[in-house]
Amino acid sequence: MADSDDPKGPADPENRIGGEPVKDPHTSPASPENRIDVERQAVDREAIADGIRHPLTPAADEADEGAPLNVPPPRQARKTVRSRAGQKVVEVQSTGHSWDGIEEYDNPLPRWWLWTFYATVVWAFAYTIFYPAWPLVTRATQGLLNTTTRAEVAADIAAFNAQNAPFEDRLVQVSLQEIPTDPELANFTNNAGAAIFRTWCAQCHGSGAAGARGYPNLLDNEWLWGGTLEDIHYTVSHGIRSPDDPDTRYSEMPRFGIDGLLEPEQITQVAHFVLSIADSPSSTPDPALAAAGRVIFEENCTACHGEDATGDEFQGAPNLTDAIWLYGSDLGSVERLIHDGPFGVMPSWTSRLTEAEIRSVTAYVHGLGGGE
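This note's numbering puts the first residue of the sequence shown at 2, with every later residue one more than the last.
I should point out that these hints are in silico values taken from the structure, not numbers from a laboratory.
Some clues are possibly wrong.
Stated by the list, open to error - So the derived label-pair ranges between C-beta atoms look like this:
| no. | residue 1 | residue 2 | range |
| --- | --- | --- | --- |
| 1 | Thr139 | Gln174 | 40 to 50 Å |
| 2 | Ile130 | Glu153 | 16 to 26 Å |
| 3 | Phe118 | Arg199 | 40 to 50 Å |
| 4 | Ala152 | Ser252 | 47 to 57 Å |
| 5 | Asp157 | Asp341 | 45 to 55 Å |
| 6 | Asn191 | Glu223 | 21 to 31 Å |
| 7 | Gly261 | Ala196 | 40 to 50 Å |
| 8 | Ala152 | Glu185 | 41 to 51 Å |
| 9 | Ser352 | Gln174 | 43 to 53 Å |
| 10 | Asn222 | Asp170 | 29 to 39 Å |
| 11 | Gly261 | Asn188 | 22 to 32 Å |
| 12 | Ser208 | Glu153 | 48 to 58 Å |
| 13 | Arg199 | Ser176 | 23 to 33 Å |
Only a predicted model underlies this, so the values are computations on that prediction, with no experimental measurement involved.
Cβ atoms here follow ideal geometry from the backbone N, Cα and C, with glycine treated the same way.
Modelling step: build the complete structure from the supplied sequences, incorporating the hints.
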């Protein structure tokens with residue numbers, strides 16, 4: 002007969018078409034889809050050859066061709082005990098699950114773990130009986146002890162207020178100048194004021210009171226509205242440009258660019274002049290533009306900032322000659338400030354803090370190092 006590409010040996014009658022055998026690509030070892038199974042069978046045969054196989058796995062000569070060799074034992078298989086090299090080995094029954102030849106055994110949980118679990122269940126059940134646990138429509142069950150965390154918190158707050166009441170009474174009776182000289186009041190305001198500051202003030206001025214862009218630094222000795230105890234107390238009490246307090250501190254820098262009071266080139270000239278008289282600016286001013294800006298500054302800015310540009314605390318006008326910049330020291334920031342006009346706002350605290358709390362935070366801020 003002529004050579005043929007057909008596989009040798011009898012073909013399955015069911016896989017014949019017109020009397021000719023048909024190859025099944027799914028059973029071919031060259032098929033990528035079948036490579037994993039083929040490789041697994043090869044590994045299983047090597048393991049059997051080394052004497053490492055599951056006790057219920059048939060021997061290599063007994064296994065069917067193409068059948069998986071690592072067949073997990075049935076779930077109902079009983080535990081068996083056998084000896085291996087003088088060592089007692091217990092074969093635990095399997096759950097029947099197998100992943101890549103790794104079987105899942107049905108090992109019981111340790112007894113100590115079970116008793117611990119049972120104890121937690123008993124404890125949880127007892128807790129729901131003695132303490133508030135089950136939510137109702139308007140409240141929760143009170144429990145046999147008839148206690149609530151709300152009541153405990155309220156009791157703690159009442160005890161805290163009762164403990165601080167004598168110091169708060171003294172704090173509002175003495176003058177502001179006496180607070181730093183009284184050791185007990187100074188210690189009380191240092192602790193109470195720090196807590197109040199972290200709760201209400203740190204969001205803007207920072208946790209360390211060093212401020213941020215648009216929020217003043219409270220550690221230096223430069224104050225927009227004054228740094229004495231009386232000045233700080235008034236600022237905290239009534240705020241700055243606070244819309245809810247008629248006694249708030251108020252001043253407003255004109256919007257020279259938005260309202261058309263100055264031309265863009267004039268704003269640039271004034272910005273260069275401000276940078277030329279300031280200490281340590283971020284941008285280098287142009288001498289010619291600064292000279293032209295001096296004239297514009299004298300005509301439009303000296304009423305608030307003063308002829309020497311050192312500012313005026315009565316109006317909240319900052320000193321323009323120092324190295325402290327609230328909104329930035331670069332040319333673009335100064336131009337934008339002149340064009341838009343700043344309008345920083347600090348809320349009034351009389352409706353949120355008691356007089357004792359206001360005095361505590363006043364003394365605390367004054368004692369940070371920048372108080373006058």
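**Request:** Given the range 43 to 53 Å, decide if the beta-carbon distance of Ser352 to Gln174 lies inside it.
**Result:** Violated - the Cβ-Cβ distance for Ser352 and Gln174, about 22 Å, lies outside 43 to 53 Å.
**Prompt:** Quick one: are Ser208 and Glu153 within 48 to 58 Å, going by C-beta?
**Reply:** Because 29 Å falls outside the window, the suggested range is violated.
**Prompt:** Has the hinted range 23 to 33 Å been met by the Cβ atoms of Arg199 and Ser176?
**Reply:** Since Arg199 and Ser176 have Cβ atoms about 26 Å apart, the given range 23 to 33 Å holds.
**Message:** If I claimed the Cβ atoms of Phe118 and Arg199 lie 40 to 50 Å apart, would that claim hold in this structure?
**Reply:** holds, 43 Å
**Request:** For Gly261 and Ala196, compare the CB-CB distance with the range 40 to 50 Å and indicate the outcome.
**Result:** holds, 48 Å
**Request:** State, for the Cβ atoms of Ile130 and Glu153, whether the hinted interval 16 to 26 Å holds or is violated.
**Result:** For Glu153 against Ile130, whose Cβ atoms are near 19 Å apart, the range 16 to 26 Å holds.
**Prompt:** Should the hint that Asn222 and Asp170 are 29 to 39 Å apart at their CB atoms be regarded as holding?
**Reply:** 33 Å Cβ-Cβ, so the 29 to 39 Å window holds.
**Distance restraint hint 45 to 55 Å, applied to the beta-carbon atoms of Asp157 and Asp341** = Roughly 48 Å apart at Cβ, these two residues keep to the hinted range, so it holds.
**Request:** Evaluate the given range 22 to 32 Å for the C-beta pair formed by Gly261 and Asn188.
**Result:** violated, 56 Å
**Outcome of range test on Cβ distance (Ala152, Glu185; 41 to 51 Å)** = Given a distance of about 32 Å, which is not inside 41 to 51 Å, the answer is violated.
**Prompt:** Cβ-Cβ distance between Ala152 and Ser252: within 47 to 57 Å?
**Reply:** Roughly 49 Å apart at Cβ, these two residues keep to the hinted range, so it holds.
**Request:** Can you let me know if the beta-carbon spacing of Asn191 and Glu223 is within 21 to 31 Å?
**Result:** holds, 23 Å
Violated hints, in rising order: 8, 9, 11, 12; the structure is consistent with all others.
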